[in-house]
Each structure stands twice: as structure tokens, then as C-alpha cells.
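Could you put the whole structure together from the sequences, leaning on the hints where they help?
Number of protein chains: 4
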Amino acid sequence: MHKYAIGVVGASGYSGIELCRVLAAHPGVEVRFVASDRWEGATVRARTGIAGAVGGLSYVPHARVLKAAQDCVAVFLATPAEASMELAPALLERGVKVVDLSGAFRLSDPAAYPEHYGFEHRAAGLLAGAVYGLPELVDRDAIASARLVANPGCYPTAAALALVPLLRAGLLTDESIVVDAASGVSGAGRQASETYSFCEVADDVRPYKVLRHQHTPEIAQSLSRGARKPVRLTFTPHLLPIKRGILSTASVRLAPGIGAGAPAEALRAAYRDEPLVEVLDGPEQVSIARTVGTPRAAVAVSTTDSGFDPGRVIVVSSIDNLLKGAASQAVQNLNLMLGLPERTALEPAPGVSP
Amino acid sequence: MHKYAIGVVGASGYSGIELCRVLAAHPGVEVRFVASDRWEGATVRARTGIAGAVGGLSYVPHARVLKAAQDCVAVFLATPAEASMELAPALLERGVKVVDLSGAFRLSDPAAYPEHYGFEHRAAGLLAGAVYGLPELVDRDAIASARLVANPGCYPTAAALALVPLLRAGLLTDESIVVDAASGVSGAGRQASETYSFCEVADDVRPYKVLRHQHTPEIAQSLSRGARKPVRLTFTPHLLPIKRGILSTASVRLAPGIGAGAPAEALRAAYRDEPLVEVLDGPEQVSIARTVGTPRAAVAVSTTDSGFDPGRVIVVSSIDNLLKGAASQAVQNLNLMLGLPERTALEPAPGVSP
Amino acid sequence: MHKYAIGVVGASGYSGIELCRVLAAHPGVEVRFVASDRWEGATVRARTGIAGAVGGLSYVPHARVLKAAQDCVAVFLATPAEASMELAPALLERGVKVVDLSGAFRLSDPAAYPEHYGFEHRAAGLLAGAVYGLPELVDRDAIASARLVANPGCYPTAAALALVPLLRAGLLTDESIVVDAASGVSGAGRQASETYSFCEVADDVRPYKVLRHQHTPEIAQSLSRGARKPVRLTFTPHLLPIKRGILSTASVRLAPGIGAGAPAEALRAAYRDEPLVEVLDGPEQVSIARTVGTPRAAVAVSTTDSGFDPGRVIVVSSIDNLLKGAASQAVQNLNLMLGLPERTALEPAPGVSP
Amino acid sequence: MHKYAIGVVGASGYSGIELCRVLAAHPGVEVRFVASDRWEGATVRARTGIAGAVGGLSYVPHARVLKAAQDCVAVFLATPAEASMELAPALLERGVKVVDLSGAFRLSDPAAYPEHYGFEHRAAGLLAGAVYGLPELVDRDAIASARLVANPGCYPTAAALALVPLLRAGLLTDESIVVDAASGVSGAGRQASETYSFCEVADDVRPYKVLRHQHTPEIAQSLSRGARKPVRLTFTPHLLPIKRGILSTASVRLAPGIGAGAPAEALRAAYRDEPLVEVLDGPEQVSIARTVGTPRAAVAVSTTDSGFDPGRVIVVSSIDNLLKGAASQAVQNLNLMLGLPERTALEPAPGVSP
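Residue numbers (numbering that gives the first Met the number 0), protein chains in the order written: chain A, 0 to 353; chain B, 0 to 353; chain C, 0 to 353; chain D, 0 to 353.
No wet-lab data here; the hints were simulated from the structure. One or more hints might be untrue.
Same chains, same names: a pair is fine if it fits in one copy or spans any two.
To be verified - Below 25 Å or equal to it, Euclidean Cα-Cα: the simulated DMTMM-like pairs (lysine to aspartate or glutamate) are:
hint: 1; residue 1: LYS2; residue 2: ASP308
hint: 2; residue 1: LYS208; residue 2: GLU193
hint: 3; residue 1: LYS208; residue 2: GLU119
hint: 4; residue 1: LYS2; residue 2: GLU346
hint: 5; residue 1: LYS208; residue 2: GLU174
hint: 6; residue 1: LYS208; residue 2: ASP70
Predicted model, so just to flag it, every value in this text is computed and none were measured.
So, in C-alpha cells, the structure goes:
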């Protein structure tokens, strides 16, 4: 099989390491370089235990990315948003496709960046052409032909997979949508910070960035696209004392005249042919453990037309924030961009030979 | 100081152990007996490490409670609801006051028991006279004169402390109230069950009893009393991979014409003279670690009148489910019933001598 | 590629699930059946999330194993030792090869079973022919031609990989060997037991079965074979508040005249061509996280010829107790028995095509 | 009761916070100042939730300690060793007694400091007069009359409590002593470091500073004093994924002619009148959970005269590294120095009145 040359920038972050791990077993790509300033000079194997050819690579500094990328078809940017905003245009100019795991190209409105990301967008011209890479919910042809894919955020992936099918099917009222979600600590990235030290996080749970998390506009954008009109949204994230995984609990309301079984049916219909989204029978079956370490999401819904809040719909979803919320979704997108089977390297492929 | 004779039934459960721990340092009571079928014959010290006089007691079986209680002024029932329903009437008949930590006497409507607790209430005549023992929110004189106190549930304590002041002050619309909450595993009690085994709980978070948790009617009852009209309520509990602590995140909506600062003011006013409820500056300061191991609750609120959901109010609260959500609140109630200072044994008392 | 028909008994235990996970991606085998009384009738996918052909299988009861196995070349027994002792002879009689993950066939001396395992060995005739399947330390040809492989225990794998190379090289004195080791809770198997409930294990560490753990004779047997004479051994296991992983710290003493660098050299020499044993530069680099989720062991040694205990050698090793300590080592053994590349399904194979 | 004026330096570290917590409930002292550069200006209550008079104090910077201490009888130094080495002489000169929780004054030999602590001791003249404050093992009169108490390290406390009684009784051979121990992360102090970040510590266990931990000379000094001759010692510490607690497993050997029951008897005899050291029936009962949150140590021993290593003695001990391993032991020492009952503020005192 032909092997496409690719690179990984930000390869020492938690998402970057997972990218390397997935790509180490990917039969259709050759990782030409991995870049990290922090670990410059060390081998991937020494730092991460990853075996094989990827394990043998040494990290190059970010300053050498453009040179290293010159023979690559595509590059993953697992970098902070401002770094991605600088690197992506330079790579695209050189004909290198980009899958960006940061928020730099996810919001279509450049005016949203100063408020939510704290910087003026200096590559705003790319926003219109960037494709939001959530394969199960967007046009896969658009991803396949994209030069720049904005890989969705972790919370937005979990929330959109839970709610977009219900919104598209017109099952919900206009009541505002409440998404309470919780994430493992790796969602904050690799940090030398007291806030994320073991003693400050263990045995604790706390909300953070209440009413002002930067994923709020991204979730609102996804849900509004699904509803084909603006939605009202409250998103409250919480920090969990676990390394990985996101659980999202969304509270929405059934539109008048819609049967209580409709939300579950809508989820099943939306994901019938989507092996990477597992629809379970009830929210109690959806757990972080169900998806951590896998490229899949799990979703389920419960609806009541009686009790203390008739018409209430609870949609629960879970993903591994580093995989379906970052690295494995990025590889799904790359596979589509390269014309490879979408789940290459993501699921055991029956019939594969050693 | 005079010492009141008391007893603890269900003393080997997690709440029962915490009761013993608090009472071991209580200068105004003498624990006459501790009852547990599971640990019959063993000493409290051997099983729990609790020192002092309480540590020297041996557990008696539940069958001997009525005899053991005959000289007691009051008894704590840290037993399952059905056991409490049987024991409380027998103790009350003998003139022994009861603080019941189960749900057996919390709901004023006997008809709610079959649906939410799975049994017909066989002591329904006691429900009208049972006082709901949440001292910061109910009439303390009623607790002081009660013969039977229904000690609130853990989730209901966290939710009511967060929301009742806002409802009483008339700050909220009639929009339904969404309470997403999460609890440490001790909330499920001592269990020899695969579901609560370490390997099934660690590194995981999952919702449970979605739209059907037995604390829902209790929360609704508290909030409706606060609002002086029925509220609509959705309550979604989650299981956390920690031993103790509850975090509750409530999403409600500001009534028209009410300023964004009003909810925080209402909380501060309600708890100004309540040392066991700490009002913090923002929800991000409220964490499980802030209250675990203490008899206190922490609450804070954030309100927005712009953004993706104007009028949204997020109230976050935390308690130790075994203390303010069970044992220390029970001792608060006992202290009131015995005419002792409410926080005896619950806070370091300045001026105490060895 | 030809696919060998195999089966898995005890498929709902933690090792059994890992076996199914590894085998689901194994290109050379077809899993014909998975047996579990506990989960009879359910699908593997529903219970474990494992995708693909293995995920589609339904668990059959243990009573149907012999029938189900009749077309199989080999069967894994991930069953308690007494169950394995009954099943293995019956399978072998039918011409089915067996990889047994229990202790039933690990000790060559039948007289050791009553003391250490609590039962008389009723298939003692098989012990002489059973091959101890630790590929990096035993004769691989013997495994390849075995009909019955006794898959090593988790602690014994960790201890033997650390110490056998040093013993074989004659670097150590006869001083007794101290192995202190600690294991994640999955080592105790799936349990509905208060002892292994979350609240009893979390935030705690404790020793167990001190001076009487059933792995002691197995470790002593491995080390004595390595030393070609009986060794004295003290083994103290501890329970850790994590799900998986073993860390073993062995304290031994350098023989007179041997240089302080010799132990590290011996480890590097022993594992130079063993991709599944990683020799690291110092014990501080060996951690449980280094190997959990991988089929590899990590080992390192530190030696001092001065300080408070000259001649002291500390050898630290780690493995995933469910993989190199159980399931992945079992697949290594199966691969050898079937004539397949030893690491099939265990490491990303460069050049594999989707 | 008279209240002695005291101060706490390094009050924002984990041990410093526990000191404040214990002292907040201490009836015999008045905390005049708490010093911390990190939290200068904030109140104790805001940062830690500690209530009462101590909660109302604001942290002063370390530069103001000498001034703040001028009316104090005694000061706790919960500071790094080099800071303690500077502060202690200045305080002593002003007539203020010092309980130092660092290692600065624990080793009697000044020559040990450069190698084990990395600095030349610039107050070596104080070493001879500093009293090692392990009340259960040293002369309490010496502590009572000391001006400078060196509060023992956490690992050394756990190891000495386990082994000194056996050494004093002459029960052990001269074989070298192996102490494998493991500590919760708070033992490393408050850190903004990637090494101690949640994601690097959770789900992991690893050894550190193998054969070169700075507590090794301190343990050797304690054990050698107990044995009245130099001992050989290997100490291997491990980092645990929990916040607090130490478990120490010591392997030693019974001297010829000593009965297997002698070690247990020696422990019981040594601690018969020591309420803060609990001797349990077997090592399996000693766990970190048994002592965390308490001022007590737990110890137990198992001895075998048969099996794979006849004569082997395993002594297991546990303490809360922040309490018996730091803050509560420091208060024990202060109580002795002030002539107060030794356990004041450390155990529930029967008969205390509100």
C-alpha cells in the first residue's frame, strides 16, 4: 500500500502523543517528522514507549516544521490556537494539507475570537474555507476535498453528537439547552501548574469557566446549524479527578405532539451506519469507561412525559477527549482527505494480515 | 456538663461510622449503644479506629435496639428506609426521640412512597409530625420541639441550600429547574456489589436512575416550599470515582426585571449568620474538596444577562454527603432537640479546655 | 491468511475480556466461542464494547465448552485454578491445545497445591508435560510444541523478568531475595465483595497474604531454575488503588568481585532481542504507567557499592497484570504454538494493510 | 486556661495547613501569626476553609517572621531545610523555641548535609542540642526541655516506629534491613511541576531516588540508635497515586534462638501505653486508610520460621505523612515543650465541655 508522508506538530502534548500512537499502527501513512520544542532531540520511544518506526523518530523543534513538512502531504497541528493560526497558512501556502486540532479555525465568525480566545484572528481569510471535521454530522465530501480541516473540540463533539440528530429531526422546543459536562484532566493539556497538580485535583470535582468557556460558541454553532436557527445554550464544564474522558448530560425539551420514543429513534436512525457512534439503550449505560481508549462515542436518551417535569429529554454522551475528542477524530478526517477507508487504524479490521 | 444518653442504629454503614466519629468528640452526649448486625460483637475501635469511650463499645444486633434504647433520650437511625419505618414508631412509643437519616419520614405525602421508595408506608400517621431537619432553611423551633426529625437526603440538602434562598426571594421564573449533581460512592452505602467494586467505578463517571431517582420528590418538595408553589424539576445524579462529596450544579432563570447581582445578594443574605453555609465569590471556588471532612456546605452563583443564554443563573453547591448530607446535619438536629449549642462537636469551639 | 479456530473460557473475567480484545484484532485466529456463565446469552459487544466479529459473539455457558470446542485448535482457559484443572484434561483428550491462565499447571510439584492453592491436584499427571509459558525466559521450542501451556502469574512474570538474567549470570549472592510488589485491583478478578468495593480500596494501600501468597512458590520455582539451585525468597504483595498494573521492587545482593555495572549489562544482554521487554536506564523510569495497556514489561536496575548497604542491587519491573501478566502473554504463547509470528496482534506491525 | 502565643512559618504548604487545622482546635495556644510568601495578605479561611480565630488570620510574608515572633513562646517552621537553617538560629537567639519540620536539624553529623541535602550546614553548632522529636521512642524529658526540636521525617517516623522496638529488644540479626515504602503525593509538598501533575501521577506507581533518598541517613541514625550499633539499611521509596499516607514494609531477620512470637510481643510491650501507636494483629490490617486523618501510627508484624525464607520478619507500618509524619507529631512535641498534656488537640478528650 502507498504510504502518504505526514507530520505531527505539538507531538508532546497529550493529544499529540495519542496521534503518534494511532499513527504508529496506521498502514497508509509514513510519519516523516514529529515536532516538539519541549522534547527536542529525544526519541518518541524514550518519552512515550511507542514502538515501531514512529517510536524511532526524534522530536524536531517547531522552528523546523516548515522545512520538515516540505515533502508531506498533510500535517496535524496539535498546537495552541495562536500557534495553529500562524502555522496553518504557511503550510497551506506550501501545498500541505492541515488538520488543526486547536480552536483556531472552528468558528466561522472571526469576530468571536477576541472574546472567546483572547486574540484577533490574523488568518481570518481561511475561516470560510475551513471544514469542521465531525464526520458523522457534516458532509464527508467536504472533508475529503478540504485543504484545512478544523478538528472539533472535545466538549463540542460530545454535545453535538448527542443533540444534532434531535434538532435536525425537529423534536425539540426552543427552550434553552442546558449542557452540563465533565472532563478528565488531560483536557487541560500538559501543565506544570499547581492548579492541575495531583493534590489539587484528586478526590475533588469543581466547575470552571462557568458561563464563559471558549467551547460555548462552538457548541452553539454546531447546534444552531443542526436546528437551522439560533439556539440558546448554557454550557457548564467541570473538572474530574480522572485522566481522560468526557461525559456530557444535556437537558432539552420535547416539542408538543412529539412522542416520547422519538428522540431514541432519531439517535438510532442518525447513527445506524456509523460504527464510531454507539447508541445505547439508556443513559445509565453511557459512561466514560465505555469509550475511553476507543475512537467511539456513546450516546443514549431518556424522555419523560410525566413526573416532575413532563416533556423533559436527557441526552447523555461520552467520548475519550483525547481520541474521538481529538486524535482519532483527526485521523478519521485525514483518512477522508487521503481517500482511505475512514476507520483505517481506528478499529480492528477483519481480514488484516500480519 | 450533663451528658444525654443516646444510641446509634445502623452504626456500621458509612453514615453510621461518621456519626460515631462526631459523637466520640461530643461533650454533651454519652453514646450508650451502637447497633449493627454486620459487626455484632466487634468493638468500634477495632473496626473503625475511633478512640475514646465510643471506641470501646461493642456493636449490638438490631434485635436488641429497643432494649438498649430504654434509657436513651434520643436515637439516631442510620438504617434503610424500611427499617427506619419499623423502628421509629417503636422508639417514639417508648418516649425516645428519633433522628432518622433515611428517607422514611421526609416526604409529607404517604402516596409518594410506593412509587419512589417501593413500599407502602406503614407508619404514615407519623409523616405529618415529622420535622424536616435542614436547620438553615426551616424553623429551628420546630426542630427543637420535634420528637421525630427526618434528616434530609444528601442531594436534597445540596440542592435546597443552593436554590431555596433564590426562590424565597422571588428571583426566578417558573422555567423548570435543572439540577445536575454528582456524588462520591459512599452515597450508595456499604455494598458487596460488583456495580460498586473498585474496577467498575474507578476512572469512570456515569449517570444513574435518570428521571427516576428517589430524591427527586424530596428536592421538589423543598423547592416548592421555598417558592410557595409547585416547581418543575429535573434532577440527574451521577456517580463519581471518589469516596465522598457531592457537587450540585443548578441551572435556573432570572425573573424579568431582576438584576444580575440579586442571586448572589440573596445567598449572602440568607447565610450571613449561618456559619455552616459558606457563600463563595464564584462557582469556580465551590468544589467537593472545599467541604469534604467538614460539617459545612459551600454555595456560589453566577448570572449572565448576555451571551448565549441571557438570564441564566448557575448555582453550584457542595457538601460532604456523609456529614452535612447525613451525620453532621443529624448532630445539628440533635443539638437543637437537646437544647445544646447547634454546632457542638461540629466546629472547633474557641475556649474549650482539655 | 489461514485462520485458526479458537475459544475463550472465562471470557467475562478481566483477563478474559482482555483476551477477547486482543483476539478481536488478531489476523490469524477466528474466535469460535466465548464462554461465561455470568454473561450467558449477552453479546460481547453489549458487555464490553468490543467491535468486529468477536463483538458479535454471544457468551455460552461453561457447560457447553466441550461441545463448542470440538472444532477448535486451541482454547484459552481464563478460569479459576480448580475449574482449569477439570477442563484442561477433557480438552486435551479431544485434541484441543490449551493455554491455561490459572495457576493449575504452573507448579511442577503436585504436593505444593494443597498448601498454596487449597486443593489436591486431580490432574497431576499433566504437570510434567505442561510448559511454563514465559517466552523471554524459557525455551521457545518447548512452548511451540506444547499441548498444554501454563501461562505465568502476574507477580511471577514481573519478578522473573527482573531477576532471572542476574541469577543466570551468577551475579548475586545466596542472600535471600526480597520482592515487594504491588498490584492494581483487577488482579483480584471480578468481585462482588466489600473488600474490593470502591470505598474500601480508594485512597488506600495495604499488604495482603503476607508470607503466604500463592504466587510465592511460583516465583521461587522460576528464580531457582534461573539460579540452578534453590533460592530463598520473601514476597510481599500490596493492593493499590488503581485498576491495572504491577510494580515489583526486588532487593538482592551483588556477589563479591562483581562490578556494580554488571546487573544492568546482564539485563541489556538478556533482552537485547526481546521487543516485549524494555530495559530502561534507571528504576525511576520504570512505572506502572509505562506498561499499562501494552504487552510489554519494563525493567531497570540500580546498584551501589557504597552508602548504607554496599553491594545492594535494586531491580524494579512493571507490567500490565492483565496483558503481559495474563492475556497478551497468553497470545504470545498461542502464536508460538500455532507457528505464527510471536507478536502477532500484540504490536503495530509495520506494513499491515487495511 | 493560659494560652501560649505561637506562630507558624511555611503555613501554606501541606504540612503547614495541617498545623493550622490542628492548632485551630487547640485550647492551649493562641496562634499569633501565620507566615507564607505565596499567600501573603489572604486569610487562612479563604484559602483553606479553616474556621475560628486561626481562619481569621492573614498570612504575613516570611520577611516579617522575626518581628511577628517576638512575643511568641514557640514557632513551627514548616519550611524547606535551608530556610529552616537560617530562621531557627535567629528565633532561638530571641528566646523563641522552635519545632522544625524540615530535615535541617535531624542529622547529628553535619558532614551528612552536603551529600544528602545538597548544602553545607551553616548552623552546625545547633545540631548537638537539637532533640529528635519522636516522643514514643525518645526521652520525653529531653523534648520537654529542648529549645530546638527536630521533628522527624515522614518515612523515618514510619520506619522507626516499626523497627526500633525489635532492635532494642535484640530480636534481629545483623542482616541488612530492607525498607520499601510508599507515600502519597503531598509528601512532595505543594508543587507547580509537571512531574506531580495529576496526569503524570494518577493510575501510576513508581520508585524514586532509589538508593539516594535524603531520608536514608535519618532512618539509619534512628535504627542504629535503637540497635546501639550501626545497621545496614536499604530504603526504597515509591510515589503513590493518593494524596496522603505512607505505608512502610520492612523485611528483617529473626536472630537465632528467638521465638517467632517475640517481634509481636516486643511491639505490644513498646506501645502498650502509647495511645498514638496502634499495634494490630497482622500486617494485613495495617493500611494507609487506617491512619490517614489521624495523629496515630499503625504497626503489625508477621514472622515465619518455615516456608521459603525461614526467620523472615515483615513489619508493616502506616501513618498520615502530614500528621504523625509532620503536623500532629509537631504538636505532640510542642505540647511536651509547653508542659501540656501530650495529646492536647490530637484526640477527642472525654469530658471536654463546650
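Hints and how they fare:
| no. | hint | verdict |
| --- | --- | --- |
| 1 | LYS2 x ASP308 | neither (55 Å within a copy, 48 Å between copies) |
| 2 | LYS208 x GLU193 | both (17 Å within a copy, 22 Å between copies) |
| 3 | LYS208 x GLU119 | within (21 Å within a copy, 45 Å between copies) |
| 4 | LYS2 x GLU346 | both (19 Å within a copy, 19 Å between copies) |
| 5 | LYS208 x GLU174 | both (23 Å within a copy, 24 Å between copies) |
| 6 | LYS208 x ASP70 | neither (41 Å within a copy, 44 Å between copies) |
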